[in-house]
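Below, each chain spelled out in residue letters.
2 protein chains.
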Amino acid sequence: MTKTGTLQKPIFTSAKDVEAAFYDALARSDLDAMMAVWSEDEEVLCIHPGGPRVQGLAAVRESWRELFAGGPSLDVRVSQGIVQNFMMVAVHSVLEFVTLEGDDQLGPPMIATNVYTRGPDGWRMVVHHASPAPDERSLMIQDAPRTVH
Amino acid sequence: MTKTGTLQKPIFTSAKDVEAAFYDALARSDLDAMMAVWSEDEEVLCIHPGGPRVQGLAAVRESWRELFAGGPSLDVRVSQGIVQNFMMVAVHSVLEFVTLEGDDQLGPPMIATNVYTRGPDGWRMVVHHASPAPDERSLMIQDAPRTVH
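If you're matching them up, the sequences are chains A and H in order. Take the numbering used here: the final residue in the first sequence is number 149, and no numbers are missing along the way. Take the numbering used here: the final residue in the second sequence is number 149, and no numbers are missing along the way.
By construction, these hints were calculated from the structure, which means they are not laboratory data. All the pointers check out, no bait thrown in.
You can't tell identical chains apart in this list, so a pair holds if it fits in one copy or across any two.
Here are the simulated SDA-like pairs of lysine to any residue, each with C-alpha atoms no more than 25 Å apart in a straight line:
{"no.": "1", "residue 1": "K9", "residue 2": "V126"}
{"no.": "2", "residue 1": "K16", "residue 2": "R118"}
{"no.": "3", "residue 1": "K9", "residue 2": "N85"}
{"no.": "4", "residue 1": "K16", "residue 2": "G119"}
With these hints in hand, go ahead and build the complete structure from the sequences.
Now the structure itself:
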């Protein structure tokens, strides 16, 4: 991103890079950096925890603008990523721990499903669906490791 | 599905067909029909509203078994679908209205992100992420129609 405000968006070479940029923009409440990770598809979809579905680039931008208007930087930790890779599409599931910077109390975790696609301008986000997770003791249920009889 | 319990899974020719079968199985609390819509990928992921991430076919099956153990059929209505189609992958966002059959009160809506992929055995579900939506008045925010100046 240049400081002149021109739309020189970065080219992301992997879904992982888009995800890193997404959470970095979230932590810094940086609206331009946030919008640089989104695809320019009209169907992009963003669901903030407990919120409505927000569809379309302008509406998604407005939703982040409102969220970032509060001001303070956030401490954002992401963990336990689960990745599903397909042709030109990657689906990541992560746990988000978001707290106000300087706040000692760890907020409740969120589960986020993030969908990325590879287009002519590299990888971009097309869906972000975040919702509250239950308490930390039961954040993931997995198949038991297979035993050989 | 045959009545003998063999694993003759149906072949779905579109993501839309998988979605219809998914909500039909949910409405009938039919565990075998429910599991027939899921991909056999080890990474399949299911997030019930407010619940933890459930990963893997056996764990996903167990989560539905527990949900269906309650017994009564559900009245399931799905609306306002938003579809994003990619190569071999489709991402559907829907609003779910689920009520116990015979119950007059409409439950709160859920937002579901459903991801489907096309594999050698046709289309299957790989991700279901459902979470509570806000009240009905603000279920979707969209870009305003574009005006030409």
